[in-house]
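Participant: Fit chain Y to the supplied structure of chain L, relying on the hints for placement.
There are 2 protein chains.
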Amino acid sequence: MNPPVIQFSYPFVVFLGDIDSEIYAKTGFGMVQWRRESCVGQLRLPDCSIDAGVPDVDVAAARAAGAKSLIIGSAAVGGGIPDTWVAKLCEAARAGLDIVAGLHIRLSALPGLAAAAAASGARLVDVRVPPPGIPVGTGGKRTGRRLLTVGTDCACGKKYTALALDQELRRRGIASDFRATGQTGIMIAGRGIPLDAVVADFLTGAAEQLSPDNAANHWDVVEGQGSICHPGYLQVTVGLLVGSQPDAFVVCHDPLRETISGWPEFKLPSIAEVIERTVSLGRLTNPAIRCVGVSLNTSKLPKHSRQQVLARFAAETGLPCVDPLVDGTAPIVDRLLQEFPP
Amino acid sequence: MNPPVIQFSYPFVVFLGDIDSEIYAKTGFGMVQWRRESCVGQLRLPDCSIDAGVPDVDVAAARAAGAKSLIIGSAAVGGGIPDTWVAKLCEAARAGLDIVAGLHIRLSALPGLAAAAAASGARLVDVRVPPPGIPVGTGGKRTGRRLLTVGTDCACGKKYTALALDQELRRRGIASDFRATGQTGIMIAGRGIPLDAVVADFLTGAAEQLSPDNAANHWDVVEGQGSICHPGYLQVTVGLLVGSQPDAFVVCHDPLRETISGWPEFKLPSIAEVIERTVSLGRLTNPAIRCVGVSLNTSKLPKHSRQQVLARFAAETGLPCVDPLVDGTAPIVDRLLQEFPP
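The listed protein sequences correspond, in order, to chains L and Y.
Take this note's numbering: the final residue in the first sequence is number 342, and no numbers are missing along the way.
Take this note's numbering: the final residue in the second sequence is number 342, and no numbers are missing along the way.
Hints are computed from structural coordinates only; laboratory data are not their basis.
Remember, it's a predicted structure, so these values are computed and weren't measured experimentally.
The reader is advised that the hints may include incorrect statements.
[To be verified] Computed cross-link-like contacts, BS3-like style, restricted to lysine-lysine with a CA-CA straight-line distance of at most 25 Å:
#	chain 1	residue 1	chain 2	residue 2
1	L	LYS141	L	LYS88
2	L	LYS300	L	LYS26
3	L	LYS141	Y	LYS88
4	Y	LYS267	Y	LYS300
5	L	LYS267	Y	LYS141
6	Y	LYS88	Y	LYS68
[Claimed, not checked] What the simulated footprint calls covered on chain Y by chain L, stretch by stretch (three residues with Cβ under 8 Å from a Cβ of chain L suffice, anywhere in the stretch; the number is not a length):
#	segment
7	27-35
8	202-210
[Stated by the list, open to error] Label-pair ranges, simulated between beta-carbon atoms:
#	chain 1	residue 1	chain 2	residue 2	range
9	Y	ALA288	L	GLU276	17 to 23 Å
10	L	GLY112	Y	ALA118	29 to 35 Å
11	L	GLU276	Y	HIS304	42 to 48 Å
12	L	ASP56	Y	ALA118	50 to 56 Å
13	L	ALA175	Y	ILE105	41 to 47 Å
14	Y	GLU22	L	ALA76	54 to 60 Å
15	L	GLU339	Y	GLU339	42 to 48 Å
16	L	PRO341	Y	GLU273	32 to 38 Å
17	Y	GLU22	L	PRO135	29 to 35 Å
Cβ coordinates follow ideal geometry from the N, Cα and C atoms, glycine included.
Just chain L, with the same shape it has in the complex (with noise of 0.2 Å):
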C-alpha cells in the first residue's frame, strides 16, 4: 500500500503563465532554485514578462526533454484562473503531463481540465489537499535521524533553512531527504503532507508518515510549520514535533521582529523560550532531543551590524549561529554531525 502522502514525478517544467511581477512566482523561482536539475524549463504565455532563467519550452519540447509533471509556478492575480490559462493547462494535460498545483479551488474544478487528464492517463496533483488514509499518530520510535526546523514565528525561514540544511548534508555525501510540510515545499520536494490542512486528531499521524523508518544514519529534515508559541497556530507546531520525534532542531529567528507577525498582542518569544518548550514537549516521543544551531534572517539588518547581531546570538544560546541565505549552514551541520557522529 501507498504511504498517505502527496507525490508526483520528476523532471517537471514551470508555467509561469502570463503574469508581470515576480512577486507572483514565488513557486516557480523557488522550484527553479532548489530543483534546477530536474527543471526541463518554464512555459510561458505571450504576455509573460518575468524569466526564471530556464529554457523556454512548449508542450512538445518539455515532453520531448522528459517533463513528467507540469507545475503551475505563478499565482493568478486576482484570484481566479484565465482561460488562457486552462487551455495551456488542458493541452499539457492531452499531452500527458501531470498537472501540479496550490490553487484555491480544485484544478478537476478548471473546465475541461478533468476531461483533458483522464484522455492521457495524467493526474491532477492538489498539493493544498490532504491524502486520503492518514491514521492516528502512535508514537513509536522509528528508525533513521531527523531534525526539524523551528520558529520564534511563523514566517522567519523555516523551509528555506531546512532546504538549505537538506543541501549542505548532501553535498558532504551523507544520505538526506527534505521533508515538506506545506505546499511550496511539497512542489519543491515532489512530496509531502499540507499539514495545516490535516484534520486535528490525525496531525501527529501524518507527520510520522512523513519521515518513515529509514537507514540508521539517513538524516530526514523536516520542514516547520507556525510556532510553538503562537496564540492561533501553536498546535500544528507540536503534532509536527510529536509525530516527528527529532533527534535535534533548529531555532529560526527574524531578529527585528518584537511581535508576532499579525499578531501584534503577543510578544515574539526569546529563542530561548523556543528551545526551551520545544525540549519539554519534544521528549514526550525523543528524549534526547536536542538544540544544534539557530538561523538568522539578517536580511534587513544594517550590513555593518550583521556578524555583531550573529555573534550575540551565538554566545548567548552557544549554539553556531548563521544566515543561511548569506553564510550557508555548514557551522550547524558541523555541530550536527558532532553531535550526531555519522
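Facilitator: Showing chain Y alone in chain L's frame:
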C-alpha cells in the same frame, strides 16, 4: 451572522432503535441523565429491550409533547443502520423533527432521509461534522470566565466532570454553560464543535468560537479533549487550551491507570506534570491560569481505600480532590469561587 457552532433545538425525543444492550445506548442514557427536563420521552422499535426510564412515545406523541428534535441515542450493532431504523427516522423527519446523530456516515446518506427532511423543512444534524466558517484563532482576550477540564489521559472523566461542575454552579445560582467539544457532549448541550474533526489550522479558532464573550461573572465550563502528554492527540488538547484561555482548570485522572490507554509504551503522566504543562502553555493566552481541583475516577478502587486515595491526592496537590460521581463537585466549586469571587 450565526457563529460557526453546531446547534439544534430542545425539547427532544431520544431514539433507541431495537438494541438489546445498554452498552450501545450510552449517548441516549447520557441525554436522559443530564437533560431529563428537555426529554419528552423515548422512541423504541418493537424489539428494543432496553429502557431509559422515560415515557414511551411515537412520533405523533413526541410532536404533541413539543419535541423539536429526534436524537439517535443508540449505536446500531455491526456498523450499518437497519432499514427499520431508517423508516422510523424518515417518518420523524416528515413530521418536522430535526434528526440529530453522531454516525460514522452522514445522515443524508441514509436512503430517503434527506427528501423526508426537505419535505417538512426539518434539518439533519451530524454532530461529528464541524460547521463551516471556523476562523483562525486570534488569541484576543474575551470577557467572562472559563474553566477547562483536562486529563492525564483520554477517557478519564473530562466530559462528566465538566457537566457536574456546570450543574453545581447552576445549583448555586451562578450563571454557567457547559461547552461541548465532542459528539456526546454536543448532543447533551444542543450546541458545540467536534474539535477532533476540525482542520488543524483552525483548532484554536474553533475553541474561541465555542466560548465567546460573556457577562463578567459567567462561567463557561469547557469539556476537555485528549491529554497534554498524549503521543497521538496532544495537539487537540493544546489547541483547545490556548483557544479556550481558561482562568481555571480541573485535572481528571484514573488512579489505576499506569500507561496511556491504547499506547502501552507511554507512561501515564503524573497530575503534577499535567498541571505544570497546562499552566506553562495556557499562560500564552491567560497568564493567571491556575488549577482548582482534581477529579478522580474511583469506581474500580476497593471501597475501603477510596477515601485514602482521595486524601493522598489532595495532600500531594494541595487541591480539593473528589470523585464527582460519588462525592459531587462541591469542594472544587468552593475552591473555584474562593479564587474567583462572584
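Participant: Looking back at the numbered hints, which does the structure fail to meet, lowest number first?
Facilitator: 1, 3 and 7
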